[in-house]
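Peer 1: Line by line, the protein sequences give chains F and C. Note that the working numbering gives residue 157 to position 157 of the first sequence, counting from 1, and the numbers run on in steps of one. Offset between the second sequence (1-based) and the working numbering: plus 220.
Wrong hints could be hidden among the right ones.
If the Cβ cut is set under 10 angstroms, some of the chain F residues that face chain C in the computed set are [said to hold, decoys possible]: (1) 89; (2) 93; (3) 133.
25 angstroms max Cα-Cα, derived BS3-like pairs, lysine-lysine [stated by the list, open to error]: (4) F:190 to C:440; (5) C:346 to C:440; (6) F:190 to C:471; (7) F:27 to C:440; (8) C:479 to C:269; (9) C:346 to C:465; (10) C:480 to C:465; (11) C:321 to C:440; (12) C:291 to C:480; (13) C:282 to C:321; (14) C:291 to C:376; (15) F:160 to C:480; (16) C:479 to C:282; (17) C:321 to C:331; (18) C:282 to F:190; (19) C:465 to C:331; (20) C:291 to C:465; (21) C:321 to C:471; (22) F:160 to C:479; (23) C:291 to C:331; (24) C:480 to C:282; (25) C:479 to F:190; (26) C:471 to C:291; (27) C:269 to C:440; (28) C:331 to C:440; (29) C:465 to F:190; (30) F:160 to C:269.
What the hints contain is simulated information worked out from the structure, not anything from laboratory work. Glycine included, C-beta positions come from ideal geometry on N, C-alpha and C.
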Amino acid sequence: MRFAKLIVGAACAVLCGCATMRPYHAKLPDLSGTCASGWAQLRLITPFMATARQPEALPQEFAEHAQCLGAPALPTRSTVELYDLRTLGQPAQLEVSLPIAAGGTLAGAVELLGSDFHVLQRRGFDAFTRRGDAYTLAVFLRDGDPHYLALMPDQAFVGKQVASIGSQGSVVPISTGYVTFMLAAGHETKASIPLMAGGQVAVTVVVSSHNVGTAAASAP
Amino acid sequence: MAFALINRGHFDDCRGFIHQGENMRYLKNGLAALGLAVLLSGCVSPLPKQQAFDRDGHARVKTIHVMPMPKVETQVLMMNNPAGSFGLIGGLIAAGQAESKQQRLLALYAKEPIHPREYFQTELTKDLVARGYAVVWPTLNESVAVEHDRSGLRDKYAPVSDADAILDVDLNFFGFASGGAGHDSPYRPTATAVARLMSSDGTQTYFTDYFAYNNIFNSKTAVTVEPDPGYVYPGFGDLEHAGMKSEAGLKLALSELAKKLASEL
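In isolation and in its complexed conformation, chain C is listed as follows (with noise of 0.2 angstroms):
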């Protein structure tokens, strides 16, 4: 919850009680680990509930209205980071760590930097087509705020008409993530969405599911793809030495994700 709160800038509540500035930046990043491993544990509850697709029982949908998804960061999150145990500075410190390591994989990516939305985008379009489905995606307008609930996904949707459905399509975290310190819990490329199908006129629910690619959040529910095991980084440094082949198994993250999605539409 906290992390589709933050992700949608909704963490500006918060201001009344901490600085602004690195402070802000580091808090936020950590709370945002915290709240997506709550979230997808399945320990809590806050998703919507999830609902297959009847294809057969929706055969007349052959166009798909793909709403705009909102920026996605590549980040790196370590679950269970000790630091975290040592109150509000070492919660500071682990979420500095996970900021060292995000700026040095940006830069390490900077001569052929990732665009995960646009990636996620371009291969959705071309594994849903291989379905069936025309797809419309609409220019997004950076500027319009949307509303989202706790899962990412909008809280209601206005009618179209160039197509028969709407899907709205969340990625939640996407980058790499570890189980926890130490080499036998490596860095594996991590992605996972929360996807929505409606009908055209938005008021009927065709299908949510929710999706991981390393499912190291431990999810009992999300549509789970397990890791390709060419892309095992025991450490950071392990990951920066692979370099841009590093950089694929996040791509191939991506494309896995998409594919799965598109499988269950």
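Looking at chain F on its own, in the form it has when it is part of the complex (with noise of 0.2 angstroms):
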């Protein structure tokens, strides 16, 4: 009997895990010490690319990873993350992930920079959808161009929040002596989301010539 209402326990837990979130507070960048003045100053880096078995990259602190930019590259400071698009087979496809999370989600934008880091293109945070756990944006590569994708906060959205509503559901066994039985329960759960200047993203090279198979257009 005992044994069974562990199992009864442990099987709750698991089912109420998907619907918990983990505390999670976003780190901000800082922007005090030297900045770089040029973008090829900055370190590059290599976007995931999605495999059959992990189709998406893990999420990562944009502040662990970004770097500070100042002028002339900018016309004030920001910390820039930028990837390298030069060695990916095009066309591709890409996706930037902007998890949510009540401990602050990264309002971010996107540019897409030349060979020489001239801006392309350049999509805003309201171009990103909002999605149940992340902002995401798809980015489509064709013809060489761009470059490089740089990513950075968006200041036209850091400091506003935005409602994420939900349902938390619960099964708790009610044990009488003789029979044991799970009741459900819930509610509704409303946060209010900070859009900051920090937070976690994931980058994920989708679809590129290189590996074609893995989310590329297909039959239904």
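With the hints as a guide, bring both chains together as one complex.
Peer 2: Structure representation (structure tokens):
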């Protein structure tokens, strides 16, 4: 009987795990130190290539990988992650994902840069699609350009809040001594998500000519 | 999965287990709610793979042939209903409560009933046209059975000659939903949809995605639209008391869902 209760409790814990969110606090990038003055001084990041086994990059802390960049490359100091797209087989598709967390979500903007780091296209945070657990942006590459992808905070959105409504269910084992049954209960969850200059980020090469087949257009 | 199967009439497969009639209808609604919650929660993954639309890469897509949508019912759903804990009887009670609330809601809107499918089609057409597309809606022949997969989308697509692409859309859930029992889990207008854009010959997928207005089902990947705070009802009585204003909330849910879908194309 006791063993059965333990099994029931473990099952509840596993099931409840579908709806829980781990406590997380976004780290803010440090802009107080020495800043690079040119794009070429920044360390390049190779984006994660999706595989059948791991279709998405693991989220990483933006503040731990971003570097400070200032004038004359940028009009005001900002922290930037610079991804190297030159080795990708094109056409290609990337997904930039900004996980949503009550402890802070990166309000990111993406700039696609040419060979000499001039801006070909800018996509602000409002271009991202809000999903259940992340803001995502699909980037398609097809004709040799761009060469780099820069991810940085979108100052127009930093400091704002967005609401997130969901539900949380729990299953409690009730035992009368003769009968044990599962009582389901739940409630609405409502959180205010702060948009920040820091947070987690995952950049994944979903499709390129180097990994054709992992997510390429296909028949239904 | 159960929700999609039930709504498509495949629930008839279960007739060997239960009696037809009222109990059948209650159980159908109860299982529909359970199936929807499981499907959208992301704890299982029967949904087809999502795929973003490369608008520049498919710039020649100017005209979209939208496949006829199945009929949509306005529903009332309480997630995590405690009554559902008490076996089949409890499940029937919970389903009966949902059925009763659904009937009261329809009676409330009897003077100016909302027709979700038609309303959504009108809104989607308007939004797609605003995005620069011409839209073709063929006439639906209700008597012809259409095969759908577990997500609510069609299994296969016949080629079309009147458009550059085929859009398949299904409204999975439409109505009011709450996250649980009690006033801290209010009823809010809720709508979910799945959509897929295919090449005009029906062989290549251009786009697949899921949408949720009021993501009370905790779908991790669905494109999410947060519900308007102007339409929040702590109890079902409050919803009834609001009268036709609550119907405006339902219309807003459909409008926002259509707008979001069009914005992804």
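Peer 1: The structure should be examined with respect to each hint, and the outcome stated for every one.
Peer 2: Do the hints match the structure? See the list:
For residue 89 of chain F, the interface hint is violated, the least distance from its beta-carbon to any beta-carbon of chain C being 16 angstroms, above 10 angstroms. With a cut of 10 angstroms, the hint placing residue 93 of chain F at the interface with chain C holds, because the nearest CB-to-CB distance is about 7 angstroms. With a cut of 10 angstroms, the hint placing residue 133 of chain F at the interface with chain C holds, because the nearest CB-to-CB distance is about 4 angstroms. The straight-line distance between the Cα atoms of residue 190 of chain F and residue 440 of chain C is roughly 15 angstroms, inside the 25 angstroms bound, and the hint therefore holds.
Pair hint residue 346 of chain C plus residue 440 of chain C does not hold up; C-alpha atoms about 29 angstroms apart against a cutoff of 25 angstroms. Between residue 190 of chain F and residue 471 of chain C the alpha-carbon distance is near 23 angstroms, which keeps this suggested pair within the 25 angstroms criterion. Taking the CA atoms of residue 27 of chain F and residue 440 of chain C, the gap is about 23 angstroms. The hint holds against a cut of 25 angstroms. For the proposed pair residue 479 of chain C and residue 269 of chain C, the alpha carbon gap of about 22 angstroms is at most 25 angstroms, so the pair holds.
Between the alpha carbons of residue 346 of chain C and residue 465 of chain C the distance comes to roughly 23 angstroms, so the proposed pair stays at or under 25 angstroms and holds. At most 25 angstroms may separate the alpha-carbon atoms for a hinted pair to count; residue 480 of chain C and residue 465 of chain C meet this at roughly 23 angstroms. With a C-alpha separation of about 29 angstroms, the suggested pairing of residue 321 of chain C with residue 440 of chain C is violated against the 25 angstroms cut-off. A hinted pair counts as satisfied when its Cα atoms are at most 25 angstroms apart, and residue 291 of chain C with residue 480 of chain C qualifies at roughly 21 angstroms.
In summary, the hint linking residue 282 of chain C to residue 321 of chain C is not supported, as the alpha carbons are separated by about 43 angstroms, beyond the 25 angstroms threshold. For a cut-off of 25 angstroms, the pair hint linking residue 291 of chain C to residue 376 of chain C stands: about 20 angstroms separates their Cα positions. Taking the CA atoms of residue 160 of chain F and residue 480 of chain C, the gap is about 21 angstroms. The hint holds against a cut of 25 angstroms. Only pairs whose Cα atoms come within 25 angstroms are accepted, and residue 479 of chain C paired with residue 282 of chain C is accepted, the gap being roughly 18 angstroms.
Note on residue 321 of chain C and residue 331 of chain C: the hinted pairing holds, with a Cα-Cα distance of about 17 angstroms set against a maximum of 25 angstroms. Straight-line distance between C-alpha atoms of residue 282 of chain C and residue 190 of chain F comes to about 40 angstroms, which puts the hinted pair past the 25 angstroms bound. About 13 angstroms separates the Cα atoms of residue 465 of chain C and residue 331 of chain C, which keeps this hinted pair within 25 angstroms; it holds. Pair hint residue 291 of chain C plus residue 465 of chain C holds up; C-alpha atoms about 24 angstroms apart against a cutoff of 25 angstroms.
This hinted pair checks out: residue 321 of chain C and residue 471 of chain C have alpha carbons roughly 19 angstroms apart, not beyond 25 angstroms. At roughly 23 angstroms between alpha-carbon atoms, residue 160 of chain F and residue 479 of chain C fall within 25 angstroms of each other, so this suggested pair holds. Simply put, residue 291 of chain C and residue 331 of chain C have alpha-carbon atoms about 20 angstroms apart, close enough for the 25 angstroms limit, and the pair holds. Taking the CA atoms of residue 480 of chain C and residue 282 of chain C, the gap is about 19 angstroms. The hint holds against a cut of 25 angstroms.
Between residue 479 of chain C and residue 190 of chain F, the direct Cα distance comes to roughly 24 angstroms. Compliance with the 25 angstroms bound is thereby established for this hinted pair. Distance restraint check for residue 471 of chain C and residue 291 of chain C: the Cα-Cα separation of roughly 16 angstroms lies within the 25 angstroms cut-off, and the hinted pair is therefore satisfied. As the CA atoms of residue 269 of chain C and residue 440 of chain C are separated by approximately 13 angstroms, the hinted pair is consistent with the 25 angstroms bound. Under the criterion of a C-alpha separation no larger than 25 angstroms, the hint pairing residue 331 of chain C with residue 440 of chain C is inconsistent with the structure, at around 38 angstroms.
Note on residue 465 of chain C and residue 190 of chain F: the hinted pairing holds, with a Cα-Cα distance of about 23 angstroms set against a maximum of 25 angstroms. Simply put, residue 160 of chain F and residue 269 of chain C have alpha-carbon atoms about 32 angstroms apart, too far for the 25 angstroms limit, and the pair is violated.
Hint check: violations occur at hints 1, 5, 11, 13, 18, 28 and 30; the rest are consistent with the structure.
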